[in-house]
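Take these sequences, add in the hints, and give me the full structure.
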Amino acid sequence: MNSRKRKLNTGSLVRLTFMMTVFSLATLISLPAQAADYPSKPFNYIVPFSPGGTTDLQARVFEKYWKDTFDQPIKVEYVTGAGGQVGWDALVDRKADGYTVAGNNLPHIIMQPIFRDTNFTTQDHIDGAVAGLVTDPEMITVLKDSPYKDIHDLVKAAKENPGAITAGVVGKFTGDWLGLKLFEDATDTEFAEVIFPGSRPTVAALLGGHIACMFGNTGDIKTLGPENVRTLAVGAKETPAVLDPFIDQIGAPTAHEKGIEWYAAIHRGLVTVPGTPKPIVDTLRNKVGKIITTDAYAQEMQKVGLPMLNRPGQEYAEFIEQRQDKILSVLKNMGYIEIENGEITVLKR
Amino acid sequence: MLLEVLGNIFSPASVGLIILGLAVGNFVGCMPGLTATMALAVLVPLTYYMPISLALTLMGAIYVGAIRGGGIAAILVNIPGTPSDIATTFDGYPMTQQGKAREALMMSIFASVMGGLIGNTFLILVANPLAKVALKFGPPELFWISILGIALMVSLSESLWKGLISGFLGLLITAVGVSPLGGESRFTFGLTELAGGVPIIAGLIGLYCIPRILELPQEATREETGIDTKQTLIIRGNIHKIMWETIKAWFSNLAGFVSALIGTVVGILPGAGGNIAGIMAYDQVKRFAKNPQNFGKGDIRGVASAESANNATVSSSLVPMLTFGVPGSPPAAVLLGAILVQGLRPGPELFTKYAVDTYTFIGGLFLANILLLPVGMYLSNMFSRIMFVSKEMLAAAIGVLSVVGTLAIRGNVGDVFVMIILGLLMYIGGRLKFSPAPAVLGIVLGRIAEEGLTQSMMISKGTGGLIPYFLGRPITVALIIFTLFTILWPYLQKMIIKRRKMKYEGIQEETCKYEPEKIIIGNEFKISELLADKIISVLLIVICGFIFWKTSSFSRYGAIFPIMTTSGVLLFSILYFINSWIPYFVKKRQPSEQCEIIMHAPSLFIGIGSILLYVYLLMPTIGFLTSTFIYMLGLILGTRVQRRTLVGKGVLYSIVFSAILSFSIYYTFANILNIHLPTGIFI
Chain A
265 MNSRKRKLNT
275 GSLVRLTFMM
285 TVFSLATLIS
295 LPAQAADYPS
305 KPFNYIVPFS
315 PGGTTDLQAR
325 VFEKYWKDTF
335 DQPIKVEYVT
345 GAGGQVGWDA
355 LVDRKADGYT
365 VAGNNLPHII
375 MQPIFRDTNF
385 TTQDHIDGAV
395 AGLVTDPEMI
405 TVLKDSPYKD
415 IHDLVKAAKE
425 NPGAITAGVV
435 GKFTGDWLGL
445 KLFEDATDTE
455 FAEVIFPGSR
465 PTVAALLGGH
475 IACMFGNTGD
485 IKTLGPENVR
495 TLAVGAKETP
505 AVLDPFIDQI
515 GAPTAHEKGI
525 EWYAAIHRGL
535 VTVPGTPKPI
545 VDTLRNKVGK
555 IITTDAYAQE
565 MQKVGLPMLN
575 RPGQEYAEFI
585 EQRQDKILSV
595 LKNMGYIEIE
605 NGEITVLKR
Chain B
59 MLLEVLGNIF
69 SPASVGLIIL
79 GLAVGNFVGC
89 MPGLTATMAL
99 AVLVPLTYYM
109 PISLALTLMG
119 AIYVGAIRGG
129 GIAAILVNIP
139 GTPSDIATTF
149 DGYPMTQQGK
159 AREALMMSIF
169 ASVMGGLIGN
179 TFLILVANPL
189 AKVALKFGPP
199 ELFWISILGI
209 ALMVSLSESL
219 WKGLISGFLG
229 LLITAVGVSP
239 LGGESRFTFG
249 LTELAGGVPI
259 IAGLIGLYCI
269 PRILELPQEA
279 TREETGIDTK
289 QTLIIRGNIH
299 KIMWETIKAW
309 FSNLAGFVSA
319 LIGTVVGILP
329 GAGGNIAGIM
339 AYDQVKRFAK
349 NPQNFGKGDI
359 RGVASAESAN
369 NATVSSSLVP
379 MLTFGVPGSP
389 PAAVLLGAIL
399 VQGLRPGPEL
409 FTKYAVDTYT
419 FIGGLFLANI
429 LLLPVGMYLS
439 NMFSRIMFVS
449 KEMLAAAIGV
459 LSVVGTLAIR
469 GNVGDVFVMI
479 ILGLLMYIGG
489 RLKFSPAPAV
499 LGIVLGRIAE
509 EGLTQSMMIS
519 KGTGGLIPYF
529 LGRPITVALI
539 IFTLFTILWP
549 YLQKMIIKRR
559 KMKYEGIQEE
569 TCKYEPEKII
579 IGNEFKISEL
589 LADKIISVLL
599 IVICGFIFWK
609 TSSFSRYGAI
619 FPIMTTSGVL
629 LFSILYFINS
639 WIPYFVKKRQ
649 PSEQCEIIMH
659 APSLFIGIGS
669 ILLYVYLLMP
679 TIGFLTSTFI
689 YMLGLILGTR
699 VQRRTLVGKG
709 VLYSIVFSAI
719 LSFSIYYTFA
729 NILNIHLPTG
739 IFI
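Chains as they are written, first to last, in my numbering: chain A, 265 to 613; chain B, 59 to 741.
The set of hints was computed from the structure by calculation and includes no laboratory data.
Keep in mind the model is a prediction, meaning the values are calculated, not measured.
Quick reminder that beta carbons are idealized off the backbone N, C-alpha and C, glycines included.
A portion of the hints provided could be inaccurate.
[To be verified] Quick list of simulated restraints, FRET-style, between CB atoms:
#, chain 1, residue 1, chain 2, residue 2, range
1, A, 336, B, 306, 51 to 59 angstroms
2, A, 452, B, 729, 51 to 59 angstroms
3, B, 436, A, 578, 56 to 64 angstroms
4, A, 607, B, 190, 49 to 57 angstroms
5, A, 542, B, 674, 27 to 35 angstroms
6, A, 462, B, 636, 38 to 46 angstroms
7, B, 738, A, 542, 25 to 33 angstroms
8, B, 524, A, 578, 45 to 53 angstroms
9, A, 520, B, 622, 43 to 51 angstroms
10, A, 523, B, 678, 58 to 66 angstroms
11, B, 674, A, 607, 33 to 41 angstroms
[Unchecked claim] When the alpha-carbon atoms are kept at most 20 angstroms apart in a straight line, the in silico DMTMM-like pairs for lysine to aspartate or glutamate are as follows:
#, chain 1, residue 1, chain 2, residue 2
12, B, 608, A, 381
13, A, 445, B, 242
14, A, 413, A, 491
15, A, 359, B, 251
16, B, 411, A, 491
17, B, 190, A, 491
18, B, 519, A, 448
19, B, 519, A, 424
Here it is as structure tokens:
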């Protein structure tokens with residue numbers, strides 16, 4: 265009995281020594297990396313939306329090609345909540361060493377800092393912009409057996425019953441919501457806005473016939489099933505190529521073709537922690553720019569159904585600035601905000 | 059095609075992956091804070107390198123294993139590993155306390171197997187019609203489902219008012235953060251850490267784990283001083299006999315079968331699904347059982363019902379996902395992502411063009427459910443060894459897992475703070491007979507209720523209002539009637555029984571839960587229960603007033619839900635306050651006046667203080683791994699010093715235990731699950 269106890273003790277001591285070695289080794293590994301040998305460890309890729317969504321799909325596409333260009337893999341990390349805010353708030357708190365990137369969405373990053381308390385600012389996203397990746401136009405979609413066969417049927421119905429035709433959108437002060445407001449503006453109509461917390465519940469509500477139409481994006485067509493729905497209008501100059509396989513089933517003319525001047529889209533891109541040293545940001549921008557111009561990447565994007573934007577580096581930063589000016593003037597015109605000497609005051613929610 | 063599918067399912071690779079998946083799933087499910095969703099998300103890249111049907115089979119097996127694994131912790135330590143295992147604790151833990159842990163574990167495995175198989179059969183045979191039914195559940199139906207869930211709170215609690223109060227407080231917690239539909243920040247007090255609200259998992263961990271951390275060292279002391287009998291896992295009888303008895307017990311009454319059907323139906327509903335299926339089934343089975351008073355005291359039917367129901371939801375949550383792309387649960391959403399990444403899309407195509415892959419996956423789930431029996435038996439034997447670990451070691455391990463589990467949700471340190479505060483409140487509430495189950499149910503249902511109600515209002519705004527809208531929908535009307543029936547059933551039952559001139563068995567004498575103890579260790583904080591009741595109810599009323607004042611600045615759609623739930627809390631608090639005066643006027647209820655609330659002050663302060671120190675001082679300065687090691691070691695040695703049981707050998711064991719555990723936790727979370735953990739001078 266005694267000898268057995270002693271044996272256990274020595275065993276524990278050996279294990280203890282082993283653990284200590286591991287501890288000290290691990291500490292050594294965690295020493296900060298230098299800019300010269302960047303990148304020397306795996307990247308963290310923050311996805312601010314739930315697994316399985318379009319932002320996640322984008323991350324997964326990168327996951328396939330990242331290592332070939334950077335020699336380091338990415339680790340996808342889900343930091344979700346409050347329509348992406350939790351993820352972007354987390355991003356600005358991370359170390360500005362170029363090893364953390366996040367997917368970002370326009371106009372979310374422009375409107376959230378206006379209407380709520382956020383840690384991040386739109387300027388953070390301009391400073392940390394790595395690349396613009398996706399431009400996903402707003403689309404108005406109804407069920408196949410809906411009485412609205414054409415966008416003008418829907419507009420007519422909305423004019424006859426102001427505030428009674430239900431339109432599903434994802435979240436308030438989001439791209440979908442802005443798309444709806446712009447459509448109401450362009451056609452002088454009023455819909456009953458029904459807000460859902462994500463695209464899946466909106467899809468379920470449309471399929472179940474609980475709402476008359478939904479304002480969504482190209483990705484929704486896949487989950488809705490092209491055999492079940494008809495897209496009445498697309499808020500872009502031309503219908504994106506990712507919809508080509510479904511165009512016979514869903515229609516999807518642009519609003520412009522139908523004589524309505526309605527343009528609205530969600531843009532997605534990649535951003536790193538603001539304040540990251542310039543040489544590191546440049547490396548990141550160049551290499552990501554390389555990935556997104558390859559054919560393999562383009563084919564993959566078409567396969568999973570993400571319409572490409574392709575604005576590398578500085579171009580994306582300027583793009584965000586342009587969109588910011590545009591959205592601020594739209595919100596001002598609709599009476600949501602007031603701008604005085606650069607100070608924004610919220611007038612209504 | 060059938061042969062090809064069978065060939066795929068029974069290929070050595072597939073069988074091997076299923077067994078591996080079940081094992082991983084059991085482990086993941088057993089740990090509160092590790093969820094099937096996290097494990098599956100990490101495995102999505104596998105679909106790039108292996109055939110999609112194989113990858114999906116592996117992921118499906120993990121999902122099956124995780125939902126079953128949650129039952130292990132629920133039975134052995136009274137901590138549900140996942141929200142769907144809450145109902146398993148009701149009878150599972152009492153069985154452990156009676157030394158029947160083996161029977162409970164065996165039943166949980168067998169019930170999971172049967173529930174899973176029944177759910178899977180529905181997925182194979184009638185996926186499409188079922189999915190169409192699921193789509194009929196729009197915002198108003200989901201709202202009434204959640205009201206039905208809230209009605210169950212009443213039957214989940216010993217005390218009517220306390221059950222309702224804790225349930226409604228749970229609902230109110232979900233109002234914290236950015237309003238999902240109004241778009242404004244609510245009750246965040248300017249803290250952006252609160253913007254995302256309180257995640258369900260953080261609530262579950264706080265309400266169940268923190269009180270256990272504080273109680274375990276006291277339980278150990280009581281065992282040592284002989285107040286309580288030692289709760290060890292006694293391996294009695296032979297395993298085959300127990301297995302046969304379990305199988306007989308499952309088949310001998312309808313509880314398990316009915317529960318599996320309820321689980322299948324509830325699991326299809328998007329959002330509500332898995333989390334409430336166990337509780338719904340448990341409640342129905344208890345309601346219609348011959349002797350409902352046995353439930354909650356270690357009745358095997360309780361375990362059978364809860365576990366049959368929650369494993370049935372695994373397959374049924376896939377029904378709307380595969381047919382319409384609307385996942386019934388978060389793990390199903392990850393599986394959907396894996397399918398979409400392949401360029402496939404849900405819908406008829408999956409059942410025609412890609413039928414071989416799809417049926418290989420569904421068949422793989424069926425096989426996983428069958429293999430769960432041997433794999434589950436082997437693993438639960440292994441896991442039940444945690445009962446032999448000393449209680450302070452168990453407490454330290456649960457402490458670390460609570461923190462890292464909460465961080466794993468989304469790396470938000472604010473969530474950890476909320477989790478600890480909830481746990482502290484629950485510990486105090488627990489002494490006052492508030493139970494955690496209704497509160498967790500409230501947190502689960504809050505968002506569903508708010509979205510359902512607000513969306514119904516938005517839809518019906520332009521066309522005649524909410525009430526005509528509700529009454530014009532048959533399923534809503536049926537749900538309203540069923541909810542009323544659920545609430546009124548106990549009274550109806552009383553009436554029927556009275557008419558038959560039988561004695562109603564359900565009414566029992568009120569007794570003190572915590573008997574005043576003869577042996578007091580350390581400083582105890584004592585207060586008479588009636589006085590505590592009054593203090594708490596007055597506090598609640600004041601808090602309600604504050605919340606009403608806060609809601610005045612919210613947007614219309616952002617304010618409705620907080621106002622409604624706060625009104626509920628206020629109403630029940632007033633009734634609770636009135637109730638606490640009754641004993642002074644009614645002679646019969648005098649005994650409860652002598653009840654005393656006892657709190658062990660040192661373990662309360664040490665427990666909470668050390669965890670706060672660990673997360674907010676140590677972790678940011680010296681890093682996660684080092685601080686975890688120090689926290690665990692400190693807690694174990696500290697408890698032993700206080701109890702004067704520290705001996706030389708114990709120190710070494712504690713160091714080794716803490717080192718191994720903290721390193722394996724660090725490695726699992728940082729390197730396998732890709733969770734961002736704080737680093738400081740060290741890691």
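Evaluation of the provided hints:
1. A:336 with B:306: 51 to 59 angstroms: 57 angstroms, holds
2. A:452 with B:729: 51 to 59 angstroms: Cβ of residue 452 of chain A to Cβ of residue 729 of chain B: about 57 angstroms, so the range 51 to 59 angstroms holds.
3. B:436 with A:578: 56 to 64 angstroms: The hinted range 56 to 64 angstroms holds for residue 436 of chain B and residue 578 of chain A, with Cβ atoms some 59 angstroms apart.
4. A:607 with B:190: 49 to 57 angstroms: About 53 angstroms separates the Cβ atoms of residue 607 of chain A and residue 190 of chain B, which means 49 to 57 angstroms holds.
5. A:542 with B:674: 27 to 35 angstroms: 34 angstroms, holds
6. A:462 with B:636: 38 to 46 angstroms: 43 angstroms, holds
7. B:738 with A:542: 25 to 33 angstroms: 27 angstroms, holds
8. B:524 with A:578: 45 to 53 angstroms: Holds, since residue 524 of chain B and residue 578 of chain A (Cβ atoms, about 52 angstroms apart) stay within the stated range.
9. A:520 with B:622: 43 to 51 angstroms: With Cβ atoms ~45 angstroms apart, the hint holds.
10. A:523 with B:678: 58 to 66 angstroms: Cβ of residue 523 of chain A to Cβ of residue 678 of chain B: about 59 angstroms, so the range 58 to 66 angstroms holds.
11. B:674 with A:607: 33 to 41 angstroms: Since residue 674 of chain B and residue 607 of chain A have Cβ atoms about 35 angstroms apart, the given range 33 to 41 angstroms holds.
12. B:608 with A:381: 16 angstroms, holds
13. A:445 with B:242: Measuring from Cα to Cα gives roughly 18 angstroms; hence the hint holds.
14. A:413 with A:491: 15 angstroms, holds
15. A:359 with B:251: Satisfied, since the Cα-Cα distance of roughly 18 angstroms is no more than 20 angstroms.
16. B:411 with A:491: 15 angstroms, holds
17. B:190 with A:491: Given that 20 angstroms is the threshold and the Cα spacing comes to 15 angstroms, the pair holds.
18. B:519 with A:448: 18 angstroms, holds
19. B:519 with A:424: 16 angstroms, holds
Violated hints: none; the structure is consistent with every hint.
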